[in-house]
Amino acid sequence: MWMLLHGFTGSPRSWDEVVARADFDQEPVLPTLVGHGPDWRRGEPRGFDAEASHLASMALGLRRPRFVCGYSMGGRVALGMLIRHPELWDAALLIGVHPGLADEPARAARRAVDSDRAQRLRGEGIAAFVADWGDLPLFQSQRNLSSMILEKQDAIRLSHDAHGLAHALEVIGLAEMPNYGAMLSSLAVPTTLMAGACDAKFSEVACALAEASSHIDAMLVEGVGHNVVLEAPEAVATALNGIERRMSR
Numbered sequence: 001m002w003m004l005l006h007g008f009t010g011s012p013r014s015w016d017e018v019v020a021r022a023d024f025d026q027e028p029v030l031p032t033l034v035g036h037g038p039d040w041r042r043g044e045p046r047g048f049d050a051e052a053s054h055l056a057s058m059a060l061g062l063r064r065p066r067f068v069c070g071y072s073m074g075g076r077v078a079l080g081m082l083i084r085h086p087e088l089w090d091a092a093l094l095i096g097v098h099p100g101l102a103d104e105p106a107r108a109a110r111r112a113v114d115s116d117r118a119q120r121l122r123g124e125g126i127a128a129f130v131a132d133w134g135d136l137p138l139f140q141s142q143r144n145l146s147s148m149i150l151e152k153q154d155a156i157r158l159s160h161d162a163h164g165l166a167h168a169l170e171v172i173g174l175a176e177m178p179n180y181g182a183m184l185s186s187l188a189v190p191t192t193l194m195a196g197a198c199d200a201k202f203s204e205v206a207c208a209l210a211e212a213s214s215h216i217d218a219m220l221v222e223g224v225g226h227n228v229v230l231e232a233p234e235a236v237a238t239a240l241n242g243i244e245r246r247m248s249r
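Position 156, counted from 1, in the sequence shown is what our numbering calls 156; the numbers after and before it change by one each time, with no gaps.
Bear in mind the hints are in silico, worked out from the structure with no lab data behind them.
It is possible that part of the hints are untrue.
Computed spacing ranges between beta-carbons, pair by pair [to be verified]:
| # | residue 1 | residue 2 | range |
| --- | --- | --- | --- |
| 1 | Ala106 | Phe24 | 34 to 40 Å |
| 2 | Asp103 | Ser213 | 18 to 24 Å |
| 3 | Ala182 | Gln140 | 38 to 44 Å |
| 4 | Glu124 | Ala182 | 36 to 42 Å |
| 5 | Ser248 | Gly123 | 46 to 52 Å |
| 6 | Met247 | Glu151 | 22 to 28 Å |
| 7 | Ala128 | Asn241 | 22 to 28 Å |
| 8 | Glu124 | Ser214 | 46 to 52 Å |
| 9 | Ala128 | Ala182 | 25 to 31 Å |
| 10 | Arg245 | Ser53 | 28 to 34 Å |
| 11 | Ile149 | Asp25 | 36 to 42 Å |
| 12 | Gln140 | Ala208 | 33 to 39 Å |
Every value quoted in this text rests on a predicted model; they were computed, and no experiment measured them.
For glycine and all other residues, C-beta sits at the position ideal for the given N, C-alpha and C.
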């Protein structure tokens, strides 16, 4: 049974096209990350490790074999679960994932970036932030997508509360994530790292991590960028089904 974790500004609805194309044995579990959703204030305050442990506790009730897939911010939280609670998982697919910042200067620099983004969210509101977020070079490849796909993505982003997204950056942003890079070589959970081939940075990360561990494979999806879930849902669905079939034998 799969747990699917969306990325920053996403929601469980971000997986709609993947789920529609996949042939799951059971319907996946689709949590909402801390800070996301209009009712984000109802949840308990959680930092990165606490969010990973919270979601891991949800997995205890899932039927085995038990799998986790996460994209970007969701992929980082999923990686935290794999490192902290490897006994819970039988396999994983992590999309556009970063293993964590290696030193304090890098962490401080990223925290400053995310702090600026959080201030802009609180000061300028969700609409202005979403417009600027979509223009980041990281998402340039999405300009080839249909207006219908992009409008749905914008609707999901705009459904959030600006203060909630600011909170998410401050508590589970990349700067708040432990550095798991050195731990991945000993990770025994079979893990596939997927990246869009047009996303040079995360393609390089996936291939480098795969070379360092016999339990990690890299999978590059041609013709798409960072958000493979949005740009190539068929490829994601095929990968999920392939992992499920292999591990269910």
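Hints versus structure:
A beta carbon spacing of about 38 Å between Ala106 and Phe24 agrees with the range 34 to 40 Å that was offered as a hint. For the pair Asp103 and Ser213, the beta carbons lie near 22 Å from each other, so the given range of 18 to 24 Å is met. Between Ala182 and Gln140, the C-beta spacing of about 32 Å breaks the proposed range 38 to 44 Å. Take Glu124 and Ala182: their Cβ atoms lie about 38 Å apart, and the range 36 to 42 Å holds.
As the Cβ distance of Ser248 to Gly123 is approximately 49 Å, the hint placing it in 46 to 52 Å holds. Checked against the hint of 22 to 28 Å, the pair Met247 and Glu151 fails, with Cβ atoms roughly 36 Å apart. For Ala128 and Asn241, the hinted distance range of 22 to 28 Å is not satisfied, since their beta carbons lie about 39 Å from each other. A C-beta distance of roughly 47 Å is found between Glu124 and Ser214, which places it inside the suggested range of 46 to 52 Å.
Distance hint check for Ala128 and Ala182: the Cβ-Cβ separation is about 39 Å, which falls outside the suggested range of 25 to 31 Å. The hinted range of 28 to 34 Å is satisfied by Arg245 and Ser53, whose Cβ atoms lie roughly 30 Å apart. Taken as a hint, the range 36 to 42 Å is violated for the pair Ile149 and Asp25, whose Cβ atoms sit roughly 28 Å apart. The hinted range of 33 to 39 Å is not satisfied by Gln140 and Ala208, whose Cβ atoms lie roughly 23 Å apart.
This entry does not satisfy hints 3, 6, 7, 9, 11 and 12, going by the numbered hints stated previously.
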